[in-house]
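Engineer: Given the structure of chain A, go ahead and fit chain B onto it with the hints provided.
Residue numbers (full-length UniProt numbering), protein chains in the order written: chain A, 1 to 416; chain B, 1 to 347.
Source of the hints: derived by calculation from the structure; they are not laboratory data. Since the model is a prediction, treat every value here as computed from it, not as a measurement. One should not assume that every hint holds.
What the hints assert, rightly or not - Taking lysine to aspartate or glutamate pairs in the EDC-like style, the calculated list, with each CA pair at most 16 Å apart, reads:
id	chain 1	residue 1	chain 2	residue 2
1	B	153	B	165
2	B	53	A	90
3	B	317	B	251
4	B	148	B	209
5	B	234	A	377
6	A	294	A	377
7	B	347	B	135
8	B	108	B	293
9	B	148	B	214
10	B	73	B	99
11	B	131	B	107
12	A	153	A	121
13	B	53	A	116
14	B	148	B	99
15	B	256	A	121
16	B	95	B	342
17	B	317	A	124
18	B	148	B	218
19	B	53	A	121
20	A	95	A	121
21	B	53	A	124
22	B	95	B	107
23	B	347	B	97
24	A	153	B	100
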Amino acid sequence: MSDPATLSRDARIAARLNRRYAAERRFKALGFVAVLFSALVLAFLLVTMTANALGGFQRAELRFPIDFASGAMTVDPAQLEGANAMQVLEGAGLKDVVAFAASQSLGDAGAAELPDGAWREVGEALIDDPSRLGGTFQAALPASDDLAAALRKDGQPQLRGLADQLAAQGKLVTAFDWGFLSRGDATGPQDVGIWGALKGSMLTMLVTLLLAFPIGVLAAVYLEEYAPKNRWTDIIEVSINNLAAVPSIIFGLLGLAVFLAIFPNYRSAPLIGGMTLALMTMPVIVISGRNAIKAVPPSIRDAALAVGASRVQTVFHHVLPLALPGILTGTIIGMARALGETAPLLMIGMRAFVASPPDGFTSPATVLPVQIFLWSDEIDRGFVERTSAAIIVLLLFLLVMNGLAIYLRNRFEKRW
Amino acid sequence: MTNKLLTFATVISASALLAACGGAQNSSRDQIRAVGSSTVYPFAKAVADSLAKSNTAIKSPIIESTGTGAGMKLFCSGVGVAFPDIENASRRMKKSEYEDCAKNGVDKIAEIQIGLDGVAFAEAKGGLGIKLTPEDVYKALAANPYGKPNTAKTWKDVNAALPAEPILVYGPPSTSGTRDALKELILTVGCNANAETKALKDSDKDKYEKICTEVRSDGAYVDAGENDNLIVQKLEANPKAIGIFGFSYLEENADKLMGLTMGGIEPTYATISDFSYPGARPLYIYVKVAHLDAIKGLREYVAEWAKSWSKDGLLAKQGMVVAPDAVLANSGRIASEFTLLDPAELK
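With the rest of the complex left out, here is chain A (with noise of 0.2 Å):
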């Protein structure tokens, strides 16, 4: 006979044990379904964003021969030297000899499709090598958009049968289309780059960066190592606080107010992107800088000091190097949010159509998630694919900023 209050206290024990284990078990359980949940999100916009740019980095070529042995067009190769090597080109009839080496070998519907500045690929061919002039060169021009789409089974019906036809010649194919990097902005969506884009961001986020960091380390230090605890500086700690929460196209209003009111010949200029972006980044890497200079250890500062170092020598030979990883993190989460905004942009003049990539950082330029968002709402439905196309380079250049910054912050990263 066993003491009932013992066996009940023991299956009472037993029953609230179980009940722990189980709440432990559904806690993991749904920590690891959030995980889940956040790949299965991840993988499926990588996979339909890449399934539908391999499409973006690609073009319709039209490839046929032309012959420059036979001697329809005389040009000196010594004369391609020069900067106007093109317009020596032009003047002895390449565009003619283009048209009709296309018409012989593509007949004159195909030679029809070929785009009126189409020659000029040929023409940079023959100036990158001279030599090509004396033999036969086999073009791989790109094919007019309309032809394009009927390739793609879009578009124009009474095309279709010629695209089919070309295609089942070898004469009409879908390459990969390198241009596509090196090329800005244009019309239509075969002669379309991202180029352009790509330079303006790449010059937007470097003033970004030359502004927003100084500045933001500088006033974290100051505020954490400096500043006097009083009521000022409370303010400006809350002030700092809720910049960083403004939403960004009031920071658009700001540049439009103030950058372009000092500066208004340098509209949709990187140099006003930047230093727009740079308000809105500031905030980000003071608070982060603070967090982490706050998290050195103190007997860091009091060894350095103890020994003789001035404050400036404790900061930067000390707190700073091991507060850095802790800032770049900061940093990259500001550059990362900078990168894809567009909001702001498009109050100071960037959302506009720059055919030619930026020379510096005062001539006109657009950047990558403006140039997505322009591209998605283009009519001609070539753009879907090179929006998608333009997603992934934004992706990437997102994808090596960052590694930069991880790998930056690893080299710095010191444990106690």
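Structural biologist: The following block gives chain B in isolation, referenced to the frame of chain A:
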């Protein structure tokens, strides 16, 4: 103390120097700048592209798509390299806008009509195929048709001849030029069908405007943003919905969408160019005449427009509706002589 003052002085002089650099740069610009309508934007792009390709000495113009209203504001803010040279407009300049321009010294403007666009009503292939009139659209979409709150839930409530399907229309937001055209060309026309409301125009203009152009906000009219591709997608997903957008989108998506007749007339090139389709509207560019000699390539750019707007030209290929010959002849004359806009003509 002196140290701090010194730092302060350095900062001030540095920013002054920076501003001076900006000032020095202000004296020249080698790229044309155009702002304005998102409807004209693709056409302006095509012309800019074609100019840059045919004339390598000229840098490709910068075209900003700001919407007609915001573009007018920028265009009218002054003369000088800091201000745009051309305004793309999907409606005519308003008198108030011209006055704003003139106040800022922009009184020499050339107005060039480049072509036409239509506000098309469309649905997915295999949709309801309903036949609309401006009156039906007004009754279905106005917030207070003829002064009474809108209670219409289905098309049948609007007009007994239409099917008993719920009203669901995707259209442009209130900032869009297409929305202005919808108001002026369709809603106001439908509104004027009632003599009593029409009489309000003279007695109480504000009330008339409100009754005639305010669109309902109870979910029957869905504001789809400036992205017309989005409307196309929504229509494909829901064949019973109707979309409102520029004619060029209908043209490009002809295999997915079909245009709805308006007053018995289908939206086509022919009906829009002779204005028999009620939703036709002219497109303009406004050129700052004072900039013609100061900005390199501006004359050539305008000439490129004139080259592109004919029947077999570049713009027709892009989906623009070609204007009637008399209009084109007049526009061509303005594009070469830069006749000034007479403010008395504006409303």
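Engineer: So which hints don't hold here, by number, going up?
Structural biologist: The structure conflicts with hints 6, 7, 11, 12, 14, 15, 17, 24, although it agrees with all the remaining ones.
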